[in-house]
Structures are given as C-alpha cells and as structure tokens.
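Participant: The primary structure of each chain is shown beneath.
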Amino acid sequence: AQSVTQLGSHVSVSEGALVLLRCNYSSSVPPYLFWYVQYPNQGLQLLLKYTSAATLVKGINGFEAEFKKSETSFHLTKPSAHMSDAAEYFCAVSDLQGAQKLVFGQGTRLTINP
Amino acid sequence: DAGVIQSPRHEVTEMGQEVTLRCKPISGHDYLFWYRQTMMRGLELLIYFNNNVPIDDSGMPEDRFSAKMPNASFSTLKIQPSEPRDSAVYFCATRQRATTGELFFGEGSRLTVL
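Top to bottom, those sequences are chains A and Y. 1 is the number of the first residue of the first sequence in the working numbering; add one for each residue after it. 115 is the number of the first residue of the second sequence in the working numbering; add one for each residue after it.
Hints may be right or wrong, so weigh each one.
Claimed, not checked - Non-contacting residues of chain A with respect to chain Y, defined by C-beta distances greater than 12 Å in every case (computed):
#1 Gln6
#2 Gly16
#3 Phe63
#4 Glu71
#5 Thr72
#6 His82
Said to hold, decoys possible - Restraint-style ranges between C-beta atoms, simulated for each label pair:
#7 A:Ala53 - Y:Thr226: 37 to 45 Å
#8 A:Leu18 - Y:Pro184: 44 to 52 Å
#9 A:Ser14 - Y:Arg178: 41 to 49 Å
#10 Y:Arg211 - A:Pro114: 17 to 25 Å
#11 A:Ile60 - Y:Ser172: 28 to 36 Å
#12 Y:Val167 - A:Pro114: 44 to 52 Å
#13 Y:Asn185 - A:Gly8: 23 to 31 Å
Stated by the list, open to error - Derived DMTMM-like pairs: lysine to aspartate or glutamate, alpha-carbon spacing no greater than 20 Å straight-line:
#14 A:Lys101 - Y:Asp170
#15 A:Lys58 - Y:Glu216
#16 Y:Lys192 - Y:Asp171
#17 A:Lys101 - Y:Glu128
#18 Y:Lys192 - Y:Asp177
#19 Y:Lys138 - Y:Glu221
#20 A:Lys101 - Y:Asp144
#21 A:Lys101 - Y:Glu132
#22 Y:Lys192 - Y:Glu176
#23 A:Lys101 - Y:Glu158
Hints were generated in silico from the structure; no laboratory data involved. Think of the CB as a built atom: it goes at the ideal place given N, C-alpha and C, for glycine as much as any other residue.
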C-alpha cells in the first residue's frame, strides 16, 4: 500500500525566509507524487506534480520540489516566503494504474511571520 | 469552466437526520471522487466513480453512507441517519481519464451534526 508522511504538522517561517516542507513516501511501484495547497474554506489546488520525468519539478507561485528516490522523499521548497503562502499543504502519492487514486499525507500548516 | 460545484457549502443538522451532499463535476471528467476531511483523520477517500459507475467504496465508513452518480453531471453522498462523528468537510474531486492524477476539487461541504 502506498502512503506519505509529512514531517511537521505546523511550520512557521518569517516573510522572505526559505520555506521547506518535508514529505516522505512509501510505494512498491514507481509513484506519481503531488503537492496540493489548501487555503482557508477552499478546496485543494495542485501546486506541482512528479510523473517520472525531471526529478526537480517547478510549480506555481515559485514552489518547487525534488524527487529523491534514494531517500524516498519529495520535499517542497520556496526560496523566499510571502505572506500569501500561508495555507495548508498536502503531499500525495498515487500509482500509475487505473484510477490513480491519491493518498494524502496529514498536511502541514504553514504560517508566515511578518 | 465553472469548476467542481458542491452544495450545500454548510449544513447543520441534528443527529438522526438524513443528509444529502451534492456534486456537479467538471464537464468531460471521467472520474469522480468523494473525500472526507477531519482534523483527526485528515483526508480520507470514501468512494470513487468511473464513467458514473462506482468502482471502489472500501472507504465508506458504514452502511449509513451511500453514494450515487445517476449521470455524468451529478453525484450525491447521503448519510442516513447522521451522527455527530460524521461532522467533517466533504470534498468532491474530479479528473479526466488522460491526466496524470491531477484532481480538481470543489470547495467542500462543511457538515455539522449536533
């Protein structure tokens, strides 16, 4: 069975500082990996996805993530945090077959301090 | 496109009452997923449909929960009778067959059972 673990349910950084949100996955087959963002009272939106092409994936709003097979990780980074980045972030994994059901991590709430 | 449309956005009901949540998927999307989000359990997949046919309902917690998709434009999730532990945000998400796992989420239905 596939699963993801997000390290840290809550991360707080200063505006302009580096954002690093950690995600480790478990999968018996080559996975697809995703980061989604959820703003208050909204649904989830796709930030970026890895689908076995380039290991460094760039997404919207200046975010990027690097797939590291040896570490089974897919950490999300942004060089300089903005106040508008405050939200909850979810890492997700799916297999390559059929419906490609997404299994989500528990989420990390990102707070940006002025 | 209007995106995935869910109704109602908020529902407050009393224990024992029937609750019906509705979802209109994006036109042309073949897969429809119902997720439940709670603080304790995060995002859980309840059931998904492919071309209006239920494929996997293993995530439906109890027989009190049922879901239907009578046509490509409409799905319902029903809870009968409702219990306080059913309080959560319920999301509908859809995607096209050809895409690599990207889900489009509705804004969710927040259910409170008193």
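Participant: A separate judgement is required for each hint: does it hold in the structure or not?
Facilitator: Each hint, compared with the structure:
Listed as a non-interface residue, Gln6 of chain A fails to keep its Cβ farther than 12 Å from every Cβ of chain Y; the least gap is roughly 10 Å. The claim that Gly16 of chain A lies off the interface holds: its Cβ sits roughly 30 Å from the closest Cβ of chain Y, which is beyond the 12 Å cut-off. Distance check for Phe63 of chain A against chain Y: the nearest CB is about 15 Å away, which clears 12 Å, and the non-interface claim stands. Look at Glu71 of chain A: its CB is around 22 Å from the nearest CB on chain Y, clear of 12 Å, so calling it non-interface holds up.
Even its closest Cβ contact with chain Y, about 18 Å, leaves Thr72 of chain A beyond 12 Å, as expected for a residue assigned away from the interface. The Cβ of His82 of chain A sits about 23 Å from the closest Cβ of chain Y, beyond the 12 Å cut-off, so the non-interface label holds. At about 43 Å, the CB distance of Ala53 of chain A to Thr226 of chain Y agrees with the hint of 37 to 45 Å. Taking the beta carbon of each, Leu18 of chain A and Pro184 of chain Y are about 49 Å apart, inside 44 to 52 Å as hinted.
Judged by the Cβ atoms, the range 41 to 49 Å given for Ser14 of chain A and Arg178 of chain Y holds: they are separated by roughly 47 Å. Distance hint check for Arg211 of chain Y and Pro114 of chain A: the Cβ-Cβ separation is about 45 Å, which falls outside the suggested range of 17 to 25 Å. In this structure the supplied range 28 to 36 Å holds for Ile60 of chain A paired with Ser172 of chain Y, their Cβ-Cβ distance being about 33 Å. Between Val167 of chain Y and Pro114 of chain A the C-beta distance comes to about 51 Å, which sits within the given range of 44 to 52 Å.
Checked against the hint of 23 to 31 Å, the pair Asn185 of chain Y and Gly8 of chain A fails, with Cβ atoms roughly 43 Å apart. Pair hint Lys101 of chain A plus Asp170 of chain Y holds up; C-alpha atoms about 10 Å apart against a cutoff of 20 Å. Taken as a hint, the Lys58 of chain A and Glu216 of chain Y pair is honoured in the structure, with Cα atoms around 15 Å apart against an allowance of 20 Å. Between Lys192 of chain Y and Asp171 of chain Y the CA atoms are separated by roughly 13 Å; this keeps the pair inside 20 Å, and the hint holds.
Restraint check for Lys101 of chain A and Glu128 of chain Y: the C-alpha separation of about 33 Å exceeds 20 Å, so the hint is violated. Between Lys192 of chain Y and Asp177 of chain Y, the direct Cα distance comes to roughly 10 Å. Compliance with the 20 Å bound is thereby established for this hinted pair. With a CA separation close to 12 Å, the supplied pair Lys138 of chain Y and Glu221 of chain Y stays within the 20 Å bound. Taken as a hint, the Lys101 of chain A and Asp144 of chain Y pair is honoured in the structure, with Cα atoms around 13 Å apart against an allowance of 20 Å.
Under the criterion of a C-alpha separation no larger than 20 Å, the hint pairing Lys101 of chain A with Glu132 of chain Y is inconsistent with the structure, at around 28 Å. Our distance criterion of 20 Å between C-alpha atoms is met by Lys192 of chain Y and Glu176 of chain Y, whose separation comes to about 11 Å. Simply put, Lys101 of chain A and Glu158 of chain Y have alpha-carbon atoms about 11 Å apart, close enough for the 20 Å limit, and the pair holds.
Checked against the numbered hints above, the structure violates hints 1, 10, 13, 17, 21; every other hint is satisfied.
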